[in-house]
Structure formats: structure tokens, C-alpha cells
Amino acid sequence: MNTSAPLLACHNLGLTVRGACLLQGVSLTLEPGEKLGIVGPNGSGKSTLLKLLAGIASPTQGRVELEGHDLHRLSRRDVARTLAVVQQQADTSDRLRVHDAVALGRTPWLSPMAPWRPLDEQLVHEALAAVSLEHLGNRLWHSLSGGERQRAHIARALAQQPRLLMLDEPTNHLDIRQQLALLRLINQLPVTTVIALHDLNQALTCDRLAVLDKGRLVALGVPAQVLTDECLAETFGVKGRWLQDLEDGTRALVFSPL
Amino acid sequence: MRPGWGWSLLLLSGALLAATAMGETALPFGQVLKVLANQLAGAHYPLDPIDVGIVWNYRLPRALVAAACGAGLAICGVILQALLRNPLAEPYLLGISAGASTGAVLVSVLGIGGGLISLSVGSFLGALLAFTLVIVLARASRASGSAGLIILAGIASSQLFNALTAFVIARSANAEQARGILFWLMGNLSGVRWPAVALAVPVALLGLGVCWWQRRALDAFTFGADSAASLGVSVRQLQVLLMTCAALVTAVMVSLVGSIGFVGLVIPHAVRLRVGPGHGLLVPLSALAGAVFLMAADVLSRQLIKGQALPIGVITALVGAPVFAALLLHGSHRR
Amino acid sequence: MKLPAYPALALLASIATSALAAPTQYPLTVQNCGKALTFDQAPVRAVTIGQAGTELFYALGLGDRLVGTSLWFDAVKPEYAALNAKVERLANNEPSFEAVIGKRPQLVAVQFEWMVGPQGAVGTREQFHDLNIPTYLMPSDCVGKDNLKGADGTRLQAFDINTLYTSVLELAKIFDVDHRGQALVADYKARLARAAARAQASAVKAPTAVVWFSSAALATDPFVAGQQGVADYLLNAVGIRNVVTSTEEWPTVGWETLAKANPDFIVIARMERRRFPADDYQKKLAFLKSDPVTRNMDAVKHDRILIVDADALQASTRLFDGIEQLAEAREHYRP
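Residue numbers (our numbering), protein chains in the order written: chain A, 1 to 258; chain B, 1 to 335; chain C, 1 to 335.
Honestly, I wouldn't trust all of these hints.
Below, in silico cross-link-like pairs of lysine to aspartate or glutamate (EDC-like), each with a Cα-Cα straight-line distance of 20 Å or less [said to hold, decoys possible]: (1) C:289 x B:226; (2) C:301 x B:226; (3) C:77 x C:187; (4) C:260 x B:51.
Keep in mind that the hints were calculated from the coordinates and are not lab data.
The shape of chain A in the complex, shown without the other chains (with noise of 0.2 Å):
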């Protein structure tokens, strides 16, 4: 491991496709440890950067690495050993059991004459138990709410033993308690995090934020910081006030039209 090279990196990334661009010149580092939030509003390319940034896409122009190596030049298994993706929308007509569900995580980690092992086991377990899902292992994926169901992603994606792990609006589609668990679920997970995310507020808690427009990234940094008048008014198309919590000094953004 090149112990120097970040853990992901992207330089110049962008994506036309059939003519429309959408993303375009996308340089990061990613630090170890960090959350980083991506936002921006419908359409800036916020699932496409973290589609590209996870090798499920292949990018029209510049490139990804990974521990310094060429994203597309490793084996998927590699990659995957090492980064695991949740995504906005992914579910299955098919009846397996929620432990069934998580297990697939250990895909990168078998092969087809390795049979499957008590610490693979023990690893969906942990997993499980990570999201507070242990109780319904041997329940069926369709009985499950979303917010459950969303969970159980975020634990097939640790049994994967990623370092790093990506969550495209893992929060839509859940209601207002949903929301607060993951968020707080997400925050408490030791690994690095990059975290495509609708509500500003949301993104406040992340160390620092990509924000994107019209598949550009027009400001990287952290949120105070990032999220100026200027850039609420010209990416957002909203007024933000700062509002700070007197009790334990947490800072909001309240929204106006312009």
C-alpha cells in the first residue's frame, strides 16, 4: 500500500455522454478519516461524480485512483475490498432473508471453490449489529421498511471491510426519525465517508463539503466556509441565515427566497 498516495483522488473527471456533459472537471483529494459531503442542486452530477468515483461508471475524460493506482487498471475485486458503495435506489423482487442480503457483501472476499467461512459469518454479524439490525437477520428483505431496508444496505456495504465507504442520498424516501438514525449511524462509522446529500442541513455535519453545479465543482472546503451568500445564491438559487443553537452551539441555516 503507497502509504503516501491519498485513498481517492480524482483529477480533471468528467463525463459527456451522447453529447450532454455531465460533469466536467472535477479535481479532489480525499483526506483519511474525513467525511466528505457532496451537494448541489437536481442535476448538478452528484450521483454521477460518486458513480465515477466508485468505478461503477467510466469516465469520458481524466481519472481516479485509488492508493495511487489507476481506478480502471485494478480488478474489480480490488477495488471492491476496498470501497463500497450505497445506493439511492436498489431493491429486489426476490425473497431472501436480510442476513442473505448483508452476506453478499463478502462477495469480493470468496471465490467460487472457497466455501463460505465462520469468519464470514461472523463478519455479517458485526455488520448487522452495526446497524441495529441483528434482531431481524432471518426476516425477508420485502418486510422491511425503508428505513430498515436503507440500513441493511449500509451493512452489506461494511461486511464488504471497506475503507471507504460511499452513500448516494442514502436519506431520501425515509421520514424525519429514519433520517436521524442513519445520519447519526453514518457519523459513528470508522471509516472514510463520501456522502451525496440533498439537505443542507444534513451536510452541515460532514468535515468538509463538495459542492457541485451544472457538473462542475465550484467550491470545496469546509461548510462554514463553503456555503457563503454567494454560493446559496448562485448554485441554490436561496437567501441562508445563520442561526446557532444556544444549548449545545450547533449551527443551522434557515432559508429564504431571494
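Using the hints provided, position chains B and C relative to the given structure of chain A.
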């Protein structure tokens, strides 16, 4: 799984024996056993050579090919359902069998190929053409991201090929030709001998082997192709490998025995109901169930109506179409 | 020098019948297969659909009235070759409706109801009659036969040789060559009587036979002659029993069943058509001798395989050639 393999082989052997013992004419079971003893164990029972020929050269190869064909088509159904994420996917519904029929008809009725290409080769090429068409359509519609469109494309493609077949028959074939072709089109194992076994069994085993080797990758597709990619599966490579495998297996089987539908649809679903969606069990058990199912359908096709052989495709459709309808209803119910 | 008895009898018979023959009285009405056909005069332009009808025209010396022929199974009889070369062949298989009426015929002679009939491949009788073109169906294909059941039709009663005589006599009457018709029929009757006598003369009990026309593929279930059809009539005329029990004209029966029935003779059809590989009688022979089951059949082992023209197995003038061939075989048969 150790005890499981033993039971499976026992069941398969039992089914093979039963299929060999039953046929157009009534042969005493003792005779059948004696023939097998002579051929396999070097015994020296005195036997009518016609009986020996019937059991060893007609019925046994026929049962083996039915088993291989059933296993192969079931495996193709498993592959297509996993990769296309659609429970209705199977080679027949995707138009591959229809393409094979068109190929066969072009060769036998229009004489395309000038007598150098046999019915089987024509159907093989037709099957591959139809499969290619579906893949092209699949890739084109992947951008719009709907696997349901594949099924519709497959149905449209099969209607196209069926119409071509009907057109050629109506325009060019006399009644006898039409009858010969139509019988073949619905599945016909009557001409199968040992050379066909030498082709069908290895192909089925190959399909089974490839599918078994990739069972974990197939599981990884549970939540979609992107999810499989993030789990470390080389999605494009796997799709090419497995689709090619399914195309070849289907083309070979259809070229040997004609068009038999619904095996790839019914069997994987029936097996899933019992053992769940995990491919570690689904793949081998679907192969086994497919083999037994088609052997039973073959025996039934010869015994259902006295003195007349029904095409096997009729039997599988009579079983398969209601199951298909039930699946549709069940699916819409849950939504 | 003593005149050979049989030719003398035939000569006598023909002289006698020509005394009975009379010129046709017009307008002539003929009841043919459920339709009444009226002729104001002898037609001068005729089209035939079916080789049997064509060769009947030549036998009656009506070759100069033919303006189009179609539906051929084999090369024309050598003695008619020169004559046939002058007549336009509309199609080797079925002609189109326009091709037939384009010749402006005053009569269309049809061998099979599935060519011109309720489900006619060329057209319905009404289509022709609406254009004032009478269609003459050979009675042998409509009397006592349901052509809508079974692939080649099902005989409701056994084929009656008199329907063939009727077609000769009726056509002769229509074309005002009654004396030629009578002579031809007398000749046929004499030949039939001679053949039957030869068969009777043999003291050996009735042998069995199967008549193999062709197969969709060489090893698949063959098309064989069923009960009550023309081929069956041939067998019965010379005291041979058909092992096939189906009443369809040409049913498909498996080799297993035929092998177990183990007939004394196997009659195979020779034809020029090459739509199926099994059309070639050499291939049929090769199959019988190499297949592990059929090569053990008595008929194959003792080389009791008779090669007969396909046309002799239909209601045509060649029927009597076929009968003579079978009578010869029967005469020399020793179990």
C-alpha cells in the same frame, strides 16, 4: 451439500430408468433391466435384438437428451432471470426458439443452403441470430434502464420470427412438409440417437459448470447491475460470458429437439419457491428439476394419446402457460 | 401357335367394350364430389393439378388438350415424355390461382381436395366455378374421405378402386373419347385380376407389410400408409396385411412400434422430390440397414424391401404397376 449430491444423482438415475422403461410399445420392465445389464454390466442374457435396439438405441439416448435439454433450458432461464432482473425472462419468451424455428424452416422448406446445411445447423444459426437481436435491443434500451422492455422486445422478436416461419410454410410448403416442420417446431425427440447425446450432454454440463462457477456473481446481481459492480463483479465480462453461454446452450438444444417452451420459466421459479433465490442451490437444483421435468413430459407426450405422439412443446406449454399466468397475477397482486 | 391367354382376353375385352362405347351427348352433366358440372362440348383446354390426373390425360390420348400441368412427385412416365415436353409446367408443387386461370382452361382436373376444395391451397371450387371453369376432383380423393381431419385426410371407408375407374370413364366422357376410357378401364381390370390371381395362387398365408413414404428427418417417426387408403388397397389387392392400424391416410408411426410389429415386407417409396432427405429411397435403404433397431427387422434381414414409385401409391394410372410389383413379391414370398 454432500448428502444432497447423492440424492440428486439417485433421483436422476431413477428418472432416467423410468423414462427408458416407458415408451410407445409395452416392454416388460424385466426386459429393460436385462438390456441394461447386458450393455452396462457385461451380462449375457439372451435377448431379441430389436428389444435391445429399442431400449439402448432409441429410449435411453432419448431420455438422456431430454434430461440434458431440460437441464440446459432451465439453466438458461436462471441466467436470463438473474442478468435481466426479470422473473419472466427465459429463452422461449425472448424469441430464441422462434429464431431457431425460422432457421430450420428456411433450410428445409426453401432449401436455403442447397442441401449442404441440415435442419439442425439452420436452426442453430437462427437461434444465434435471434439471441443477437435481443442482446442488441437490450444494450440499446439499457440507457433507459428498463429490463421490462427487454421482455417486450423479446416477445416482439419472437412474433416476428414466428410470422416469418408461418409465411414460409404457407407460401412454399405442401401439406406433408408443413406437417413435418410443424411437428419439429413444437419439440420432437423421435429422431434422437447416441450422436445427439454426445452433443447435448456435454453442452448441458458445460452450461451447468459455467453457471455454478459464477453462482456468487449471479447472487451479486440481486440488487441490480450497479450493485453487482460495487460488489466486485466485472459486470460487462460476466454478462458477455453468461449470455453467450445461454445462447449456445439454447441454440444447441433447440437445433436437436425443436422448440420447447416454458422450461426456462417454470423450473427456476418452482425451485426458488422451495430453496430461495441463492444461486448456490438454485443452479444445480434447477438443472436437476429441468431434467426430470422434460423426461416426464417426453414420456407423457408418447403415452397420453394411444397410438399417437404429441409434440413435447404442447405438454410443456400446457403446464407452463398457467404457471406463467399465475406468476403475472402474483406479481401484480404484491404491488 | 397358341396365343398367350391373357393378352388375347384383353384384346377381346377391348373390342367388346368399344362396341359398348358411344359418342358423348352434350350438354353433359356430371355429378362430381358434391358439385354438378355441365359441359356444352368437349373442352379443348385443360389444366391439371396433380401428376395422377396428368398421366391419366396422356393415357387417354388427351395430351393435345392439356395447356398446363402442376404438382409433380416424380418424372413423367417415359412413354409420355415427348408429349409432356410440349405442355407448359405451371409449377412443380402447387400453382397459384392466377397461374391456373391465366391459361383460360375449360376444365381443371384436380388430384387432391386439399389443392382445390374448402381448404384448397390453390383455391376453392367456388372461386373457379364463379369464372365458369369447372373443377373435376378425382373421386378417389373425396368419396368416403374426410379431408378436414388428419394431415392428409382420413378415410371414412376403405378406398374403392371403382372411384379410379369412375374418374377414367367420366373424364373420357367429358372429352368425348368414351371408347378409349372403356378400353383403359378394361385393361386395368384385367391387370388387377391377373395380379390377384397370382397372389391367390400362393399357398403361403398372408404376409404383413408397412409402406414407408418419407420422414421429416431420417431418424424421426416416418409417414406410413394407414388403413383404408390407396396404399392399403394395394396391399390388400394382393393379399398382404398392413401392420399400421391408424385410419389416417398417412399417419406418423414410431419406428419402435413398427419394429415390434415386425412386418414381412417393407415397401419404400421412390420419388424425384428432395424436400426431405428421406425422399431418396437410397437413404431410406441405408437407414433401414444401419439403424440398430430396424436392421434386425425380418424384412431388412431377409432383404424383403420393395421399392415402389410414389405415384403407384396414389390413385393414379401407375397404381396397377404397383399392384403388379407387389403381386410378384407376394408370389415369391416364402416365410
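Against the structure, the hints:
Simply put, residue 289 of chain C and residue 226 of chain B have alpha-carbon atoms about 60 Å apart, too far for the 20 Å limit, and the pair is violated. With a C-alpha separation of about 67 Å, the suggested pairing of residue 301 of chain C with residue 226 of chain B is violated against the 20 Å cut-off. About 18 Å separates the Cα atoms of residue 77 of chain C and residue 187 of chain C, which keeps this hinted pair within 20 Å; it holds. For the given pair, residue 260 of chain C sits about 8 Å from residue 51 of chain B by alpha-carbon distance, which is consistent with the 20 Å threshold.
The earlier numbered hints that this structure contradicts are 1, 2.
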